[in-house]
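Trainee: Once you have looked at the hints, place chains B and C on chain A.
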Amino acid sequence: MSELTNKSLTELVSLIKTKELKSEDITKDFIDNCNKGEKLNAFVTNAFDHALDKAKNFDKNPNLDCLLPGIPLAVKDLFCTEGVRTTAGSKMLENFIPNYESTVTNNLWSEGAFLLGKLNCDEFAMGSSNETSYFGNVINPLKDNVVPGGSSGGSAAAVCANLTPATIGTDTGGSIRQPASFTGTVGLKPTYGLCSRWGIVAFASSLDQAGPMTKNVSDCALMLEAMVGFDPKDSTSINKKKENYSKNLSKDIKGLKIGIPKEYRVDGMPSQIEELWDKGKKILKEEGAEIIDISLPHTEYALPTYYIVAPAEASSNLARYDGVKYGFRSSKGANLIEMYENTRSEGFGDEVKRRILIGTYVLSSGYYDAYYLKAQKVRQLIKRDFDQSFKNVDAILTPSTPSSAFQIGEKKDDPISMYLNDVFTVPVNLAGVPAISIPAGLDKNKLPLGLQLIGKPLAEQTLLNIAYSMEDKINFKLDLNKWWEN
Amino acid sequence: MVGELVDKDNSKYLIKGKQSNWEVVIGLEVHAQVSSNSKLFSGSATKFGAEPNTQVSLVDSAFPGMLPVINQYCIEQAVKTGLGFNAKINSYSVFDRKNYFYADLPQGYQISQYKNPIVGEGEIILDLPSGTKKIGIERLHLEQDAGKSIHDIDPSNTFVDLNRSGIALMEIVSKPDLRSPDEVNAYIKKLRSIMRYLGTCDGNMQEGSLRADVNVSVRKEGDINLGTRCEIKNVNSIKFMQMAIDYEAKRQVELLENGKSIDQETRLFDTKKNETRSMRSKEDAHDYRYFPDPDLLPLKLSEDFINKIKKNIPELPDEKKKRFIEKFNLTPYEATILVSDIETSKYFEEVVKDSDVKLAANWIIGELFALLNEKNLEITQSPISARNLSKLINLIKDGTISGKIAKTLFELMLDGDKDPEILVEEKGLKQKSDPKELENLIDGVIKDNPDKVAEYKSGKVKLFGFFVGQVMKVSNGTANPQLVNEILKKKL
Amino acid sequence: MSIDKDKIIHTSKLARISLEEKKVDSLSKDLSNIFNFIEKLNKIKTDDVKPLTSILDHSLRARDDQVTDGSIREKVLGNAPNKNEEFFIVPKVIE
Numbered sequence: 001m002s003e004l005t006n007k008s009l010t011e012l013v014s015l016i017k018t019k020e021l022k023s024e025d026i027t028k029d030f031i032d033n034c035n036k037g038e039k040l041n042a043f044v045t046n047a048f049d050h051a052l053d054k055a056k057n058f059d060k061n062p063n064l065d066c067l068l069p070g071i072p073l074a075v076k077d078l079f080c081t082e083g084v085r086t087t088a089g090s091k092m093l094e095n096f097i098p099n100y101e102s103t104v105t106n107n108l109w110s111e112g113a114f115l116l117g118k119l120n121c122d123e124f125a126m127g128s129s130n131e132t133s134y135f136g137n138v139i140n141p142l143k144d145n146v147v148p149g150g151s152s153g154g155s156a157a158a159v160c161a162n163l164t165p166a167t168i169g170t171d172t173g174g175s176i177r178q179p180a181s182f183t184g185t186v187g188l189k190p191t192y193g194l195c196s197r198w199g200i201v202a203f204a205s206s207l208d209q210a211g212p213m214t215k216n217v218s219d220c221a222l223m224l225e226a227m228v229g230f231d232p233k234d235s236t237s238i239n240k241k242k243e244n245y246s247k248n249l250s251k252d253i254k255g256l257k258i259g260i261p262k263e264y265r266v267d268g269m270p271s272q273i274e275e276l277w278d279k280g281k282k283i284l285k286e287e288g289a290e291i292i293d294i295s296l297p298h299t300e301y302a303l304p305t306y307y308i309v310a311p312a313e314a315s316s317n318l319a320r321y322d323g324v325k326y327g328f329r330s331s332k333g334a335n336l337i338e339m340y341e342n343t344r345s346e347g348f349g350d351e352v353k354r355r356i357l358i359g360t361y362v363l364s365s366g367y368y369d370a371y372y373l374k375a376q377k378v379r380q381l382i383k384r385d386f387d388q389s390f391k392n393v394d395a396i397l398t399p400s401t402p403s404s405a406f407q408i409g410e411k412k413d414d415p416i417s418m419y420l421n422d423v424f425t426v427p428v429n430l431a432g433v434p435a436i437s438i439p440a441g442l443d444k445n446k447l448p449l450g451l452q453l454i455g456k457p458l459a460e461q462t463l464l465n466i467a468y469s470m471e472d473k474i475n476f477k478l479d480l481n482k483w484w485e486n
Numbered sequence: 001m002v003g004e005l006v007d008k009d010n011s012k013y014l015i016k017g018k019q020s021n022w023e024v025v026i027g028l029e030v031h032a033q034v035s036s037n038s039k040l041f042s043g044s045a046t047k048f049g050a051e052p053n054t055q056v057s058l059v060d061s062a063f064p065g066m067l068p069v070i071n072q073y074c075i076e077q078a079v080k081t082g083l084g085f086n087a088k089i090n091s092y093s094v095f096d097r098k099n100y101f102y103a104d105l106p107q108g109y110q111i112s113q114y115k116n117p118i119v120g121e122g123e124i125i126l127d128l129p130s131g132t133k134k135i136g137i138e139r140l141h142l143e144q145d146a147g148k149s150i151h152d153i154d155p156s157n158t159f160v161d162l163n164r165s166g167i168a169l170m171e172i173v174s175k176p177d178l179r180s181p182d183e184v185n186a187y188i189k190k191l192r193s194i195m196r197y198l199g200t201c202d203g204n205m206q207e208g209s210l211r212a213d214v215n216v217s218v219r220k221e222g223d224i225n226l227g228t229r230c231e232i233k234n235v236n237s238i239k240f241m242q243m244a245i246d247y248e249a250k251r252q253v254e255l256l257e258n259g260k261s262i263d264q265e266t267r268l269f270d271t272k273k274n275e276t277r278s279m280r281s282k283e284d285a286h287d288y289r290y291f292p293d294p295d296l297l298p299l300k301l302s303e304d305f306i307n308k309i310k311k312n313i314p315e316l317p318d319e320k321k322k323r324f325i326e327k328f329n330l331t332p333y334e335a336t337i338l339v340s341d342i343e344t345s346k347y348f349e350e351v352v353k354d355s356d357v358k359l360a361a362n363w364i365i366g367e368l369f370a371l372l373n374e375k376n377l378e379i380t381q382s383p384i385s386a387r388n389l390s391k392l393i394n395l396i397k398d399g400t401i402s403g404k405i406a407k408t409l410f411e412l413m414l415d416g417d418k419d420p421e422i423l424v425e426e427k428g429l430k431q432k433s434d435p436k437e438l439e440n441l442i443d444g445v446i447k448d449n450p451d452k453v454a455e456y457k458s459g460k461v462k463l464f465g466f467f468v469g470q471v472m473k474v475s476n477g478t479a480n481p482q483l484v485n486e487i488l489k490k491k492l
Numbered sequence: 001m002s003i004d005k006d007k008i009i010h011t012s013k014l015a016r017i018s019l020e021e022k023k024v025d026s027l028s029k030d031l032s033n034i035f036n037f038i039e040k041l042n043k044i045k046t047d048d049v050k051p052l053t054s055i056l057d058h059s060l061r062a063r064d065d066q067v068t069d070g071s072i073r074e075k076v077l078g079n080a081p082n083k084n085e086e087f088f089i090v091p092k093v094i095e
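Chains as they are written, first to last, in our numbering: chain A, 1 to 486; chain B, 1 to 492; chain C, 1 to 95.
Bound conformation, chain A alone (with noise of 0.2 angstroms):
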């Protein structure tokens, strides 16, 4: 019944609420699929045996009065699960297993899902195109040598190849958008707090979200309904009653006003791009919003802050991985700081190193102000932007991505262009604003591109509604043509 793994998570929850599915028949043919599909290399770690206990369980004794019953979901492997290995795409962290749950997590359990396994990553969700992870490159599910996108690829890619009915990822300069786009899936970063942190390998501290990733509008929303909430072990946890994004998802988008920033038309972009941009408005003027011309003008010095900004922040959260307490030593050094210098040496990849680095520069004696203080600054000029706009309009479209997913191989030995793929993700996490990507349309190469939605914090309702709608007249569909089960 490989049918099964097709349907919407909104549909397979239906399904299971009235009692025509069970968990168990879904669990197995998801865990069917991944089996197949394991040329992706979107796994890092299964959880089929503990997947496939919780299915029985739950069939036995079904709570049907949650969001989620019978549920099997995969996550990043950036969340910690107790019992399950959790190597957020490393060495340094290939056998370590936490003995704690990730809030996170633990919500989309409480709400009744269970836990399939881990997705694949950029290291440290250091990436942009799932090339950067300890355990191998994961591939675009469209197209064979493409890159699924980062450092959420694994996730994208398991979604988009029905590997699980939905995931969650992170997203600190777009880990969860530009994957999206790449995969003709939905992804969605919501305001800076609304998710807590707890429990999830941290990257840049004031930058990292978690969000769903899914086939759908209405799929994330339900998705977004269970994963968030205050978390008082969770300092920049906002606390705020909870909404019911998926009982009030609705098309009706009259009146709203949506902001074009012209910044975001950069040079050379293709021609594709700017054509589902004009598509996405037009859809948005039949609708009944009103487009209004915007700017931003600090967009261009985005991403030189972000690169500023996150590196030094990671440089700090990743001094914790020492060799003492967990993870990776090495077997060579013969005193304490040698056998720090190899374990994080050898423990750590090219990219991780390369940003630990510019990170220690950039906060170091004498280029403290020069740096950090003078980024932090322009984060204070871009998150203005938003705040002026945010004045006149109610959500801002743009592009996700400047292209589509490229070959495997294509920007790694260059890293700003592998940065410039984040050029309008970026400046939504300085600015800590909520974000969605939803397919658009495919390029000339059939490969997917999505169109981002930004909207007010705390307007993820407005957001959800939006691209629900633009969805429903896009109409894209998925060609999945299974090529990775030969």
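In case anyone wonders, no lab produced these hints; they're calculated from the structure. Cβ coordinates follow ideal geometry from the N, Cα and C atoms, glycine included. Please note that the accuracy of each hint is not assured.
[To be verified] Covered by chain A, per the in silico footprint, the following chain B stretches (three or more residues, Cβ under 8 angstroms):
# : stretch
1 : 60 to 67
2 : 104 to 111
[Claimed, not checked] Pair ranges (Cβ atoms, derived):
# : chain 1 : residue 1 : chain 2 : residue 2 : range
3 : C       : His58     : A       : Glu410    : 42 to 52 angstroms
4 : B       : Asn86     : A       : Lys262    : 56 to 66 angstroms
5 : A       : Lys242    : C       : Ser59     : 16 to 26 angstroms
[What the hints assert, rightly or not] In the PhoX-like style, the derived pairs of lysine-lysine whose C-alpha atoms are separated by at most 25 angstroms in a straight line are:
#  : chain 1 : residue 1 : chain 2 : residue 2
6  : C       : Lys29     : B       : Lys98
7  : B       : Lys133    : B       : Lys190
8  : B       : Lys300    : C       : Lys50
9  : B       : Lys148    : C       : Lys83
10 : C       : Lys92     : B       : Lys273
11 : A       : Lys391    : C       : Lys92
12 : A       : Lys28     : A       : Lys39
13 : C       : Lys43     : A       : Lys262
14 : A       : Lys391    : A       : Lys257
15 : C       : Lys83     : A       : Lys91
16 : A       : Lys383    : C       : Lys43
17 : B       : Lys47     : C       : Lys75
18 : B       : Lys115    : C       : Lys45
19 : B       : Lys233    : C       : Lys92
20 : C       : Lys13     : A       : Lys91
21 : C       : Lys92     : B       : Lys98
22 : B       : Lys98     : A       : Lys233
Mentor: Same frame as chain A, but now just chains B and C:
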């Protein structure tokens, strides 16, 4: 010779150099553990002496994804302490990460406060033999304590215990206003006293709840510029601090007088050799790469919050000293001693509730302190309770016993805090003041020592003491000494 | 801005990461390129701008002074590469 102290009596501590006298400039960074049940950013316990790694949470041991949440009480304690120094409480402060690597620093950074501490400038007043002196406080900030690295269990390995990791510390930085080891002693004692009064730190140096780093520089007497200073770390007793300062000041003077310069560096005090030496392994000129901790938000304190704490500040040593002098007519010396520790002042006030103040002061400062020092006890562990000491004093005051008998009684009371009134009855220690009774005793003594009487009458006046002694012996020490003297004089 | 080899080596020491000799050159090139890219920020004037200290406007939340954690020695030590029943064990620092 370099190093001889000049003007010791004149209360100015100077090092005598080859060509000139040198003044020593000292600043202290005191680390005081906050008295709280749980740690600064985690819910682990803070008790001293627990089994290794049993007061450690996942947050303390920096597991992936762990996050800090600040302890409200620690914030209050820091504000309280700042108010105890009449310091400015900053309504806006920031927690920064201080990044460096060490085995007992699991995060690879310490959460501290750099440019925006919770408390700003203040001052404390020292009580010195030469008078009072104001010492400026630069700032007070909150930070995490580190764990413990144990180097001597194994020759090639270090054992790490994270129990202490994350306990709240108040770092109190003084201005470079101290000028001698004695002033340092007074400063630490005063700081400790204030914090114990406030209940914000128990000041127990042996348990490590109070530690200090000492910054020492020297300059020629009369010079107003500051010399290059060296920091002496990890000196864990006041005595060692004083020795370290003494050695370091002399070391610097010698270098400077030989035309060499002082390297600004961190040094350790070697307690075996009694000298300071340079710490060889340094963290690359200490580039801590401070930046605001993104897992925390700036701390904002309202006026209301600060005022509420202000209202609940108890009477502090300086105020209490003033009150003791005015109300009880104590001398400044007596008052200083009695207020120096909150427990002592409590004990004293308990005793004088219903007994004579002067006697109480004398007995506490004299006999009781001597006893406590000898047995190495705190006043809270005193074998004689305030109530019973009070009774003893009343027995002296109303003449029931003599001062000498009181001392005997004091010794007897030690065994289980016995009630002196009962002991007096049991042991028949009441002072004998009945002239008839005394006459009888004296007659008896005279009769028993005819040769001594003869000697006395022939001129050996010193023998008077002998007779007094004998009367005392015969009366078990209870004869009233004045009356004995009077009557003996008449009889002999 | 050029990040020369010395700076790379110094930074790597601060970050406690040992670098192979052959890698230092390529890192120097990479980092120099990245810093050229970052230098763009110098074009913009920020003298009157306050740095962003927090995206959130709620103030720091504090918790009660209760002991709610700890007494989990086995869990704390359980993942350590070198340990005994009571302690983490690491190679000595050379003094």
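Trainee: Any hints this thing doesn't respect? Which numbers, in order?
Mentor: The structure breaks hints 6 and 11; every other hint is satisfied.
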